[in-house]
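S.K.: Protein chains in written order, with the numbering used here: chain E, 1 to 411; chain G, 412 to 540; chain P, 541 to 669.
Heads up, some of the hints might be wrong.
To be verified - Derived SDA-like pairs (lysine to any residue); straight-line CA-CA distance at most 25 Å: (1) E:Lys379 x P:Ala629; (2) E:Lys315 x G:Asp454; (3) E:Lys2 x G:Asp511.
Unchecked claim - Sample of chain E residues with no beta-carbon within 12 Å of chain G, all distances over it, derived: (4) Gly64; (5) Leu75; (6) Gly76; (7) His107; (8) Ser135; (9) Ile136; (10) Met137; (11) Asn139; (12) Phe156; (13) Pro160; (14) Gln174; (15) Thr227; (16) Leu278; (17) Ile400.
Stated by the list, open to error - Pair by pair, the computed Cβ-Cβ distance ranges are: (18) E:Gly6 x G:Arg529: 35 to 41 Å; (19) E:Gly373 x P:Asp662: 33 to 39 Å; (20) G:Arg529 x E:Val338: 28 to 34 Å; (21) E:Gly269 x P:Leu631: 55 to 61 Å; (22) P:Arg572 x G:Gly482: 23 to 29 Å; (23) G:Gly481 x E:Ser135: 42 to 48 Å; (24) E:Gly373 x P:Gln649: 39 to 45 Å; (25) G:Gly461 x P:Gly653: 17 to 23 Å; (26) E:Thr336 x P:Leu631: 39 to 45 Å; (27) E:Ser135 x G:Gly461: 26 to 32 Å; (28) P:Glu652 x G:Leu479: 14 to 20 Å; (29) G:Arg529 x E:Gly373: 55 to 61 Å; (30) G:Arg529 x P:Thr654: 37 to 43 Å; (31) P:Leu595 x G:Leu479: 29 to 35 Å.
Keep in mind the hints are simulated off the structure, nothing from the lab. Idealized CB from N, CA, C, for every residue including glycine.
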Amino acid sequence: MKRLLGVALGILTAIGGFVDIGDLVTNAVVGSRFGLSLVWVVVVGVVGICLFAEMSGRVAAVSGRATFEIIRERLGPRMAGANLVASFAINLLTLTAEVGGIALALHLASSVEPRLWIVVAAAAVWLVLWRVKFSIMENVAGLLGLLLVGFGVALFLLGPDWGDLLAQAASIGQPPGGQSMGSYWFYAVALFGAAMTPYEVFFFSSGAVEEKWTAKDLSQNRLNVLTGFPLGGLLSVAIAACAAVVLMPQSIEVSSLSQIVLPVAQAGGTLLLAVVILGIVAATFGAALETALSSGYTVAQYLGWSWGKFRRPAKAARFHLTMIVALLIAVGILMTSVDPIAVTEMSVVFSAVALPLTYVPILVVANDPEYMGEHVSGKVANALGSVYLVIVLVAALAAIPLMIATGAGSA
Amino acid sequence: MSDIERAARRVIDARLHLLDRQVLDVVGEPVTAIDDLEIVGADGEEVVPGRTARVAAVLAGPAIVTRLLGGHPPPSRWERIEWSHVERVGTTVDLSVDRDALDLDWSERWVRDRVIARIPGGLHDPESD
Amino acid sequence: MIIGDLLASRVLDHDGGGLGHVVDVRLALELRDDDADPETGDDVPLSQGALRSDLVGQAEVVGLLVSPHNGGSFLGYERTGVRSPWMIASLMRRMHRGTFLVAWEQVEQIEEGTITLAQGFDRLDPSLH
């Protein structure tokens, strides 16, 4: 019974932990402009993150080495250093977006000045990093994030024409009238970047080391990832579908959180709205924890510092200082009254650009018997891994040209 | 012929197997990543090309700067871990000493004593509750 | 001397002809008797399992790896038996085709950035196994 409970908990937190501000915003924007014609990208992204998270979790569990230690070992200090600068910057951007997301959601619920919420949110994130046990942190945020199921409920309450939604989903490569092909592909890359953000891998692999995974944990992890992430992806699709049903016909272009939750309010009233807002707070809060930790993980692992939430802060002093600095910078950026939604859109595109930098070393080390012993990647993982290598490279190379050509999707 | 060739030995490549790997102390706490290795002649003097040479120390700290930008760090700035402290070589390099016994962790200690330990709860064990 | 001084140095034959660049430094680790028995089982962290970790003594320089193509990273493919994933492995092999090992005894001179080999040096097989 206890074992079954553990399995259920793992899967549920994987579902709730899947969606972050990047998925939320990108899916709503895409749904409102392109309907469900980009759903296939979510599918590609979910399969990709399953593959990638399974590999990095396995590498970390077996070798005890987290992702950024391996990046430096394999790429050498220069390429890994460039990688660190890029990853840290993108991670900081994502952290900024997540903290901004918490504040926006709380503002929506309370109409208290968002700037006040920014400070409160960042302080709360820090306090959890400072005090709370790793497993409690992961489980609470993941379980409350499940409240985003409200988007799915809203979709049913809206009673859409399911046949029409299916037809939209099947129209791969055909944006609805009025939308340009360039923007379509730009948002394809953005959605891919939102599903496969590098920070999830830093967090995932470091978490495997933090929790000292055993062979039993490894198979449980595989189960969590392979069932939890696809179900989390389904939540993403529900967000896009809500936008496609309510916002697209009125040609509302999503530029704020209140527009993202508009379909929920329309379908389920205040109660459902409250549930979803709580879900958004939990999901963005969880992601803010993960990105803040990732900023510490990447720097500490590159430089060989001691790191980890399982240590007393004084036993990983530079790691904790790095997280504090990252949070302060995020608050600083938000205080310039930059739009968190715009920051989010930027962060997912740059995530796609930086993806090969983390993906390739993991793919390589997962095949190295010196690290992996009997747990080296099998034929299927390698075949899929190679296919995704091509996809990841194409998305990374296409991202910046598409962004310039389409004016970040506005064309 | 050297002694090592007659005894049991394992052949490795410095860059592939040592440089940039994580160094752990005697209880498994991270110390640094290996930034460079110092090599000396048989009796500890300067290396003579073609004559027996061995690894004398693991270098850390400022050595990363020259690995990144090129050049040679002045020996006075080297943060060294004597090779005699190296116990095991695997996917990590494990030392036979405690990290507090080494003279290279000053920045960690500085941040710990000046910043982290002064914030309430800095000594709290997060796994205890 | 540090390993970083050797890496990426130009390598010349005795007559000053260019051969390529140093991409790695081969070391021989003296192995000491190892009684430690790795723990295994379902409840032991995998990372403490049977991964190779050797109790080592001295580390001696045995040779230099010279690549005619470039001084960049190998990702570890050239000298080990790993052949997957196929796409990256074959690319790396192609990039570093022609890499050879030269024994440390046949290194004649080391100057800043340039290494000269002895007359009649042997090109040895670079593989580690």
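S.K.: Confirm or reject each hint.
M.R.: Now for the hints, and whether the structure bears them out:
no.: 1; hint: E:Lys379 x P:Ala629; in the structure: holds (14 Å)
no.: 2; hint: E:Lys315 x G:Asp454; in the structure: violated (38 Å)
no.: 3; hint: E:Lys2 x G:Asp511; in the structure: violated (41 Å)
no.: 4; hint: Gly64; in the structure: violated (7 Å)
no.: 5; hint: Leu75; in the structure: violated (9 Å)
no.: 6; hint: Gly76; in the structure: violated (7 Å)
no.: 7; hint: His107; in the structure: holds (29 Å)
no.: 8; hint: Ser135; in the structure: violated (9 Å)
no.: 9; hint: Ile136; in the structure: violated (9 Å)
no.: 10; hint: Met137; in the structure: violated (9 Å)
no.: 11; hint: Asn139; in the structure: holds (15 Å)
no.: 12; hint: Phe156; in the structure: holds (41 Å)
no.: 13; hint: Pro160; in the structure: holds (46 Å)
no.: 14; hint: Gln174; in the structure: holds (48 Å)
no.: 15; hint: Thr227; in the structure: holds (28 Å)
no.: 16; hint: Leu278; in the structure: holds (25 Å)
no.: 17; hint: Ile400; in the structure: holds (25 Å)
no.: 18; hint: E:Gly6 x G:Arg529: 35 to 41 Å; in the structure: holds (39 Å)
no.: 19; hint: E:Gly373 x P:Asp662: 33 to 39 Å; in the structure: holds (35 Å)
no.: 20; hint: G:Arg529 x E:Val338: 28 to 34 Å; in the structure: holds (32 Å)
no.: 21; hint: E:Gly269 x P:Leu631: 55 to 61 Å; in the structure: holds (57 Å)
no.: 22; hint: P:Arg572 x G:Gly482: 23 to 29 Å; in the structure: violated (36 Å)
no.: 23; hint: G:Gly481 x E:Ser135: 42 to 48 Å; in the structure: holds (45 Å)
no.: 24; hint: E:Gly373 x P:Gln649: 39 to 45 Å; in the structure: holds (42 Å)
no.: 25; hint: G:Gly461 x P:Gly653: 17 to 23 Å; in the structure: holds (18 Å)
no.: 26; hint: E:Thr336 x P:Leu631: 39 to 45 Å; in the structure: holds (44 Å)
no.: 27; hint: E:Ser135 x G:Gly461: 26 to 32 Å; in the structure: violated (57 Å)
no.: 28; hint: P:Glu652 x G:Leu479: 14 to 20 Å; in the structure: holds (18 Å)
no.: 29; hint: G:Arg529 x E:Gly373: 55 to 61 Å; in the structure: violated (44 Å)
no.: 30; hint: G:Arg529 x P:Thr654: 37 to 43 Å; in the structure: violated (52 Å)
no.: 31; hint: P:Leu595 x G:Leu479: 29 to 35 Å; in the structure: holds (32 Å)
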